Amino acid sequence: MASADQPKSGLPGVKLSKAGVMSFLSAQGILIFFLLGMLAFSLFSEQFLSQSNIMTVIRQASIIGIIAIGVTVVIIGGNLDLSVGSMLSFSTVLVVDLHDKIGPTNAILLMFAFTLMIGAVNGFLIGFLRLNSLIVTLAMLSAIQGLVLIYSGGQNVDIADQEGTWFAFFGRGYLGGIAVPILLFGLLAIVVQIVMSRTGYGRRIFAVGGNPMAAVYSGIRKNWCVFSTYLISAFCVACAALVLGSRVMGSQNNVGQGYELLVLAGIILGGTSLLGGAGSIWKTVIGVLMLGFIQNGLLLMGYPYYTQWIVTWVIIILAVWLDLANKRKSLFTTHS
Amino acid sequence: MTSIKGFFRGRAKIQPIWIFVIAIFIFFSFMSEYFLSWGNITNILVQTSTIGLIALGMTLVMINGNIDLSVGAILGLAASLAVGLQEISMTLAIAAALGAGILLGAINGLIVWKTGVNAFIVTLGAMLGIRGLLFVYTDEQSFYASNFAFSDFGMSSIGPMPVLAIIFLVCVLIMHLVLTRTSHGRNTFAVGGNPEASIDAGIRLGRHMMINFIIVGFFAALAGVLLSSQMGAATPNLGRDYELWVITAVVLGGTKLTGGSGSIIGTLGGVLAIGILRNGMNLMQVPAFYVLVVLGVILISVLIIDKKVNVPSSKEVRI
Amino acid sequence: MFNKTAIAASVIMMSITTAQAQDTYRIGITQNNVGVDSYQTTYESAFEAAAEKAGNVDIVVLDAGGDVARQIGQVRNLIQQQMDAIIIWPTNGQAVIPAIRQAHNAGIPVIVTNSKIAEAGLEFISAFSGPDNVQQGISSAEMMCDALGGEGKVVQISGQPGYTTALERATGFEKRLPEVCPDVELVETQPGNWNRERAQRVMEDFLTKYDQIDGVYSGDDNMGVGALNAAKGAGRADEIIFIGATNFAVGYDAIERGEYYGSIYQSPVDDAEAALQTALDVLAGKELPKMNFFETPKITAENLEEFDRPVF
Numbered sequence: 001m002a003s004a005d006q007p008k009s010g011l012p013g014v015k016l017s018k019a020g021v022m023s024f025l026s027a028q029g030i031l032i033f034f035l036l037g038m039l040a041f042s043l044f045s046e047q048f049l050s051q052s053n054i055m056t057v058i059r060q061a062s063i064i065g066i067i068a069i070g071v072t073v074v075i076i077g078g079n080l081d082l083s084v085g086s087m088l089s090f091s092t093v094l095v096v097d098l099h100d101k102i103g104p105t106n107a108i109l110l111m112f113a114f115t116l117m118i119g120a121v122n123g124f125l126i127g128f129l130r131l132n133s134l135i136v137t138l139a140m141l142s143a144i145q146g147l148v149l150i151y152s153g154g155q156n157v158d159i160a161d162q163e164g165t166w167f168a169f170f171g172r173g174y175l176g177g178i179a180v181p182i183l184l185f186g187l188l189a190i191v192v193q194i195v196m197s198r199t200g201y202g203r204r205i206f207a208v209g210g211n212p213m214a215a216v217y218s219g220i221r222k223n224w225c226v227f228s229t230y231l232i233s234a235f236c237v238a239c240a241a242l243v244l245g246s247r248v249m250g251s252q253n254n255v256g257q258g259y260e261l262l263v264l265a266g267i268i269l270g271g272t273s274l275l276g277g278a279g280s281i282w283k284t285v286i287g288v289l290m291l292g293f294i295q296n297g298l299l300l301m302g303y304p305y306y307t308q309w310i311v312t313w314v315i316i317i318l319a320v321w322l323d324l325a326n327k328r329k330s331l332f333t334t335h336s
Numbered sequence: 001m002t003s004i005k006g007f008f009r010g011r012a013k014i015q016p017i018w019i020f021v022i023a024i025f026i027f028f029s030f031m032s033e034y035f036l037s038w039g040n041i042t043n044i045l046v047q048t049s050t051i052g053l054i055a056l057g058m059t060l061v062m063i064n065g066n067i068d069l070s071v072g073a074i075l076g077l078a079a080s081l082a083v084g085l086q087e088i089s090m091t092l093a094i095a096a097a098l099g100a101g102i103l104l105g106a107i108n109g110l111i112v113w114k115t116g117v118n119a120f121i122v123t124l125g126a127m128l129g130i131r132g133l134l135f136v137y138t139d140e141q142s143f144y145a146s147n148f149a150f151s152d153f154g155m156s157s158i159g160p161m162p163v164l165a166i167i168f169l170v171c172v173l174i175m176h177l178v179l180t181r182t183s184h185g186r187n188t189f190a191v192g193g194n195p196e197a198s199i200d201a202g203i204r205l206g207r208h209m210m211i212n213f214i215i216v217g218f219f220a221a222l223a224g225v226l227l228s229s230q231m232g233a234a235t236p237n238l239g240r241d242y243e244l245w246v247i248t249a250v251v252l253g254g255t256k257l258t259g260g261s262g263s264i265i266g267t268l269g270g271v272l273a274i275g276i277l278r279n280g281m282n283l284m285q286v287p288a289f290y291v292l293v294v295l296g297v298i299l300i301s302v303l304i305i306d307k308k309v310n311v312p313s314s315k316e317v318r319i
Numbered sequence: 001m002f003n004k005t006a007i008a009a010s011v012i013m014m015s016i017t018t019a020q021a022q023d024t025y026r027i028g029i030t031q032n033n034v035g036v037d038s039y040q041t042t043y044e045s046a047f048e049a050a051a052e053k054a055g056n057v058d059i060v061v062l063d064a065g066g067d068v069a070r071q072i073g074q075v076r077n078l079i080q081q082q083m084d085a086i087i088i089w090p091t092n093g094q095a096v097i098p099a100i101r102q103a104h105n106a107g108i109p110v111i112v113t114n115s116k117i118a119e120a121g122l123e124f125i126s127a128f129s130g131p132d133n134v135q136q137g138i139s140s141a142e143m144m145c146d147a148l149g150g151e152g153k154v155v156q157i158s159g160q161p162g163y164t165t166a167l168e169r170a171t172g173f174e175k176r177l178p179e180v181c182p183d184v185e186l187v188e189t190q191p192g193n194w195n196r197e198r199a200q201r202v203m204e205d206f207l208t209k210y211d212q213i214d215g216v217y218s219g220d221d222n223m224g225v226g227a228l229n230a231a232k233g234a235g236r237a238d239e240i241i242f243i244g245a246t247n248f249a250v251g252y253d254a255i256e257r258g259e260y261y262g263s264i265y266q267s268p269v270d271d272a273e274a275a276l277q278t279a280l281d282v283l284a285g286k287e288l289p290k291m292n293f294f295e296t297p298k299i300t301a302e303n304l305e306e307f308d309r310p311v312f
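Residue numbers (the UniProt record's numbering), protein chains in the order written: chain A, 1 to 336; chain B, 1 to 319; chain C, 1 to 312.
A portion of the hints provided could be inaccurate.
[What the hints assert, rightly or not] Computed cross-link-like contacts, DSSO-like style, restricted to lysine-lysine with a CA-CA straight-line distance of at most 27 angstroms:
(1) A:Lys222 with B:Lys256
(2) C:Lys290 with A:Lys101
(3) A:Lys327 with B:Lys308
(4) B:Lys114 with A:Lys222
(5) C:Lys153 with C:Lys53
(6) A:Lys329 with B:Lys308
(7) B:Lys308 with A:Lys222
These are computed hints drawn from the structure, not numbers from a lab.
This structure is a prediction, so every number in the text was calculated from the model and none was measured.
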């Protein structure tokens, strides 16, 4: 049941028949869009393909990317998480505020603990009480934003000694010439991808998202599986907060506002269906990078930042449509 | 308000959200001396009318088993068109605003129908894209109506009733009748309840979906025009996050996200619940930060209670 | 759902309260977006403290959360509660005018604080109290000109689009810069939405896009420090002059360290106290000018010790 829905890794062996080419084009549609887009941008702006620009874009995309990894797991498990934006504000404010009060190590530990607790609340309400995930995380989005403001009293938080703290490592550091946020993004993507595709746990999440009833009959503890996906999502948010807090060395209370939608847009662009039971971390990584490059490319070409939203609109629908059309072997639905 | 009884024709059971509405109504009446006055109650009606109008359309879309996240952006675009085009002609401006809502609703509906892409994805994309179009059109500027006639309309009353409240209540009545008394309404339930069976039964599923997206697009645009008439102006960020409050209100009103069940009266209860809570907490001077938490907690509580109390009856849908 | 006796009762109750409350003023304030940054939050607590100190004032403090529609609802609620005066920190300089007009028509004096409303609304307000944001933009342009020695390329990171303060500061800066320094070129402006993280990203994009950047003007220090962060990350902070507005504590510290050239000193405490005082003066029937600006001087390393470190 579950294995059928799992992502195929690598390029499928395609014959050079017309149908084969078509199916290859739509199967790898996102990647092709991505490469064509990169090519187009590079024609208009010489800086676009420069190493420093590419690194800047990936580093900027890594915060959304890290969160998107966790949300992808939630979606594969058949649910949604709209609370990640508020949660990011919460975790960033918390870690930055506590940094000067109890030291970086304790601050980071405490921040992870509290973020995971919020994830556990989400997981409990959705996994065990079986409430609708869209509405629960929508309510949590509002409630957590309120909590952030109550906690900070609405004040910005700052780290006083920006130069002297090793906390700077997560957002500003470099290892072997590559920025730490990028490394963290890559590492998390690889680990979670392996967990999802190679372990029994991953198979169970696919099963629960793909066909919950069958999963329960086959003895999978669905409640715990759903619960755990929200812990993973919260863990990823905590990692993102580490990067964000360290990068900015301060935080406003609404710093994560709207991230939930950008994260979802990246995931959808990558081609993970919202229905659950299918998807992959790789697709999400590509989707998120694509969003980042669209934004950057349009900016470099001198278009205002909001033009990227219109382009994203068109590409999201085209990408998902082509994917669907390939699966049902026709461009349009048949019902009237 | 006195016609509530009439609304329930054929439906003896009072929805849980109405018990909640009545409870908070009584609560705030005791907590604030200003709450229970005609002026305040009409204020609540006017303030809820924006979210309320969109929620009417959203109820149909959600009974259909779909969702529309682009309503906030449509509202913003319609408001800017209604104000921005007034220099040419008031009629043209309002027609263009409502037309844009209908057109964008139709585009959403057509894409959902013809491509089969999930409505959440289609309208999430549209939400970004339409906001982008709005920023292109307005160049990120606010528009304002040069004469006060437009805003005077938004502030006007017929007798003791503000015009906006009357428009809202009339639309509630019309949509209630559309949903319960027309074949389109019956088919909307059927399509949401069991899409395959409805296709087998010869219901034109795609068309009904598209009509409902057009309806919600129209109501979002209408809400935008009316909101801009209250302000005599339109701002490019208008309507941001409204989709979240609209969906919240519709779900509070008992409409299921999975489709097939829901009612306009429930939705009216849902929007009033949010409106009364906001208004009452303002009057009680609850700090703004706590209002967010309270709204979130209440929404989850209602979900839990609904789940515990209402498990058997939620399946029964009287059409 | 309610009956006439209840309305009648509440009307009577209301008239009793007003009768009792002859000596204390009831002032309602609706703020723009408390919690979005420290300035607005500090303003709120300063306003409450000032009201406490004044003694004869009962205040109702509301927050519009940045949403124009909600602010209009709040003004209506305040009219409904028959406040003696309404103070409004406009979410938008134009969209709030009809609501202000409604209050004016109901005989309630309206005081606009911090951020101006459009010309069309001026006849309906009793007074404006706040900083002169156009002048701030002009001052920043002059500082930029001094710092650059009359030559160079600058970029601008502006505040929230559509927000009057952002617009006025940008206008002042853009108008004054070519007057004082015709050889300084403003190459690009992007909004940073009053958000440090966003400003940091915008600056990163600027840094990749332009090989030469000599100066950055940010709509406030919160964004300015974000720009400074980005330049430090790219190793180009030393070659760039940073100038902001609304001096935040982080900006103050950065000036002290010599990383940040200058800013405009603007205290939310002064802002809040001026607003309340203006409202009280209006209620006491004093003759006031329409526009009441409080001082917002330039602040650089030279005169730093004349100012207290901002509390926000």
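Quick rundown of the hints versus the structure:
Of the supplied pair hints, the one linking Lys222 (chain A) and Lys256 (chain B) holds, its CA atoms being roughly 22 angstroms apart against a limit of 27 angstroms. Taking the CA atoms of Lys290 (chain C) and Lys101 (chain A), the gap is about 46 angstroms. The hint is violated against a cut of 27 angstroms. For a cut-off of 27 angstroms, the pair hint linking Lys327 (chain A) to Lys308 (chain B) is broken: about 40 angstroms separates their Cα positions. Distance restraint check for Lys114 (chain B) and Lys222 (chain A): the Cα-Cα separation of roughly 34 angstroms exceeds the 27 angstroms cut-off, and the hinted pair is therefore not satisfied.
Proposed proximity of Lys153 (chain C) and Lys53 (chain C) is contradicted: the alpha carbons are some 49 angstroms apart, above 27 angstroms. For a cut-off of 27 angstroms, the pair hint linking Lys329 (chain A) to Lys308 (chain B) is broken: about 44 angstroms separates their Cα positions. A hinted pair counts as satisfied when its Cα atoms are at most 27 angstroms apart, and Lys308 (chain B) with Lys222 (chain A) qualifies at roughly 20 angstroms.
Violated hints, listed in ascending order, are 2, 3, 4, 5 and 6; each of the other numbered hints is respected by the structure.
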